[in-house]
Amino acid sequence: MSAPLLKVENVSKRFGGFTALDSVHVSINPGERFGLIGPNGSGKTTLINCISGSLRNDTGSIVFGGEEIGKLPAYVRLRRGIARSFQIPRPFRSMTVLENLLIPIDFGGHGQSSRQAMDEVGVILEKMGLASKADVMSSQLSQVELRKMELARAMAARPKLLISDEAMAGLSSSEIDEVLALLFKLNGEGITIIMIEHIMHAVMRFSQRLVCLEAGRIICEGTPQEVVGNARVQEAYLGA
Amino acid sequence: MRWTGFWIGAALFLVLAYASTFMVTNTFFFFVGYVMLQFVVLATAWNILGGYAGYVNFGTSAFFGVGVYTAVALFKAFALPLPLQILAAAVVGTALGVATGMMTLRLRGIFYSIATVALVIILETFVVNWKFVGGAAGIQIVRPSLPSFFPTYEGMLFVVAAVLVVIAVAVARYVEGSWIGRGLRAIRDDELAAECSGVPTLRLKLIACGISGALMCAIGAPNPMYQQFAIPGAAFELPYSVSPLAMALIGGTAHWIGPVLGALLLSATQQYLSVTISSELSLLALGVMLVLFVIAAPEGLVGLLRKVGLFKTGTVRPSNEKGKGT
Ligand SMILES: Nc1ncnc2c1ncn2[C@@H]1O[C@H](COP(=O)(O)OP(=O)(O)O)[C@@H](O)[C@H]1O
Ligand SMILES: [Mg+2]
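Chains as they are written, first to last, in our numbering: chain S, 147 to 386; chain A, 38 to 363.
Derived from the structure by calculation, the hints contain no laboratory data.
It should be emphasised that the depicted structure is a prediction, and the values quoted were computed from it without experimental measurement.
For each residue, glycine too, the CB sits at the ideal point set by N, CA and C.
Incorrect hints may appear among the rest.
To be verified - Between beta-carbon pairs, the in silico distance windows are: (1) A/F186 - S/D265: 51 to 57 Å; (2) S/T165 - A/M139: 55 to 61 Å; (3) A/I45 - S/V282: 33 to 39 Å; (4) S/T165 - A/E317: 56 to 62 Å; (5) A/A334 - S/V222: 37 to 43 Å; (6) S/S158 - A/L347: 56 to 62 Å; (7) A/A136 - S/Q262: 35 to 41 Å; (8) S/G212 - A/M139: 30 to 36 Å; (9) S/G187 - A/S215: 38 to 44 Å; (10) A/G46 - S/D265: 30 to 36 Å; (11) S/K331 - A/I159: 36 to 42 Å; (12) A/S215 - S/Q286: 22 to 28 Å; (13) S/G187 - A/A173: 54 to 60 Å.
Stated by the list, open to error - Far from chain A, some chain S residues (derived; all Cβ distances over 10 Å): (14) T165; (15) E272; (16) A277; (17) S288; (18) E291; (19) L317; (20) L328; (21) M346; (22) A361; (23) E372.
Next up, chain S with everything else stripped away, as it sits in the complex (with noise of 0.2 Å):
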């Protein structure tokens, strides 16, 4: 087996007494495509924001592409592969979504010409369904475009491991089917993929592995079957 892409050990993060990260491991290999769920308010995105550098852990390591990242900040992460869209959509908001989509595509360290930025954002936009959408100011958006605008501007960076904060949420379900297709084509295209997503037939049928936070700890890990069919998991999450 290859090095793992993304190892995450033993990291714990508190807020004041507050403990909601409890010393979680998690590896992740390059191409996986790996989903985390858990019951809200479990970790998942504080999981998120230590892995992608908005938080930091207090304890344990974050070891990317076989370097410590844990203390650089989250720009460099991204500039190393790691990109994240946000569950409640951050999109700038005095920008048109194509000038959204050029920010990552500036700042992402891969030097491409302009000619070449536009047309990467033209296919990132053409896959996301969003461009028609190119000139309008990303205020003007509805909930789903900016949705789907979060995804592609993680996109843009041209990531090697993507991770997916509750992407779906609001989506319908034929919009589900595309931003499903969209990522298998990307893992296929051989970026490494995170699922957060409480649409449990979408991340079960998306993921090879599957882990279940519950209150800041792993309690099971394995095949999507697996874990559905895990008692805990069932009782802290499913509410059986």
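Chain S is fixed; fit chain A with the ligands onto it per the hints.
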């Protein structure tokens, strides 16, 4: 408008400014003109951080005052000529801007603003106690002899201010259109998302602080020569903090022309009012206009012009400058 157009306009402006020193005999023209140009520089400088990045500096007068006193100190100690005083002030301003930024910018938004208020008080107190530059009582400046290619001192200082305007506006215009400007805009919209999109937020904010501080200090430097006097109470005066901010907001912060228009409009109004009525009233007028604009035209004059179709901006395209932020 591309750079060629800009430089032609700038050259024209400088030629006119220089020509006016021979053609205009009324020195009042130069007094008013100098103050207007001074505020164009201050508003433009303020906007680089306050407008583009959304970090509100309430301490413009700290930078302006430091510019004034850098010039005074160097003039008194070494009789340094004015261009070198300005250059030195710009260097000090860069350092001061970056240092203030380093101390405060890791904290977000409002903390920077509060710190800038403190900066004014600290620096003014320092100068008040610095006997070499005259302390609280101030210092008289005896103007050195006038370079032969200027007919009057007022005319020369007016041209100096015009040159600084061109430099400030050119810098702002460059920043706005470059990767720096795009990064700052992303920071203003959403700093966390910017950082997660590869924008080196701290570094860009420090660059903006440095540029902004340099320009503010630079335009402070010729002021003692213009006043023939320097006193801390005036150099660190509140209007130097309030006006540039108000001018940029009223003109519009999104485009470099905004602070220019805002500064010209407001400083002309203010000077008219302080000559005809009183200077207190002129400050009041500024406050009233600011409130009106914030409520009725949050995007300033530029926004209004755009709405009526008199002003267009090109769409942003990716930059292919090398080495951006790496
Ligand atoms: N910045 C923060 N400060 C304080 N508490 C936080 C912060 N971020 C998250 N939390 C808390 O940590 C817990 C986990 O949150 P989160 O990671 O967002 O959960 P999930 O994404 O699984 O729904 C929640 O109880 C939340 O209130
Ligand atoms: Mg979450």
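Hint check:
no.: 1; hint: A/F186 - S/D265: 51 to 57 Å; result: 54 Å, holds
no.: 2; hint: S/T165 - A/M139: 55 to 61 Å; result: 33 Å, violated
no.: 3; hint: A/I45 - S/V282: 33 to 39 Å; result: 35 Å, holds
no.: 4; hint: S/T165 - A/E317: 56 to 62 Å; result: 58 Å, holds
no.: 5; hint: A/A334 - S/V222: 37 to 43 Å; result: 40 Å, holds
no.: 6; hint: S/S158 - A/L347: 56 to 62 Å; result: 58 Å, holds
no.: 7; hint: A/A136 - S/Q262: 35 to 41 Å; result: 39 Å, holds
no.: 8; hint: S/G212 - A/M139: 30 to 36 Å; result: 32 Å, holds
no.: 9; hint: S/G187 - A/S215: 38 to 44 Å; result: 42 Å, holds
no.: 10; hint: A/G46 - S/D265: 30 to 36 Å; result: 35 Å, holds
no.: 11; hint: S/K331 - A/I159: 36 to 42 Å; result: 58 Å, violated
no.: 12; hint: A/S215 - S/Q286: 22 to 28 Å; result: 27 Å, holds
no.: 13; hint: S/G187 - A/A173: 54 to 60 Å; result: 59 Å, holds
no.: 14; hint: T165; result: 23 Å, holds
no.: 15; hint: E272; result: 17 Å, holds
no.: 16; hint: A277; result: 16 Å, holds
no.: 17; hint: S288; result: 18 Å, holds
no.: 18; hint: E291; result: 16 Å, holds
no.: 19; hint: L317; result: 20 Å, holds
no.: 20; hint: L328; result: 20 Å, holds
no.: 21; hint: M346; result: 27 Å, holds
no.: 22; hint: A361; result: 25 Å, holds
no.: 23; hint: E372; result: 32 Å, holds
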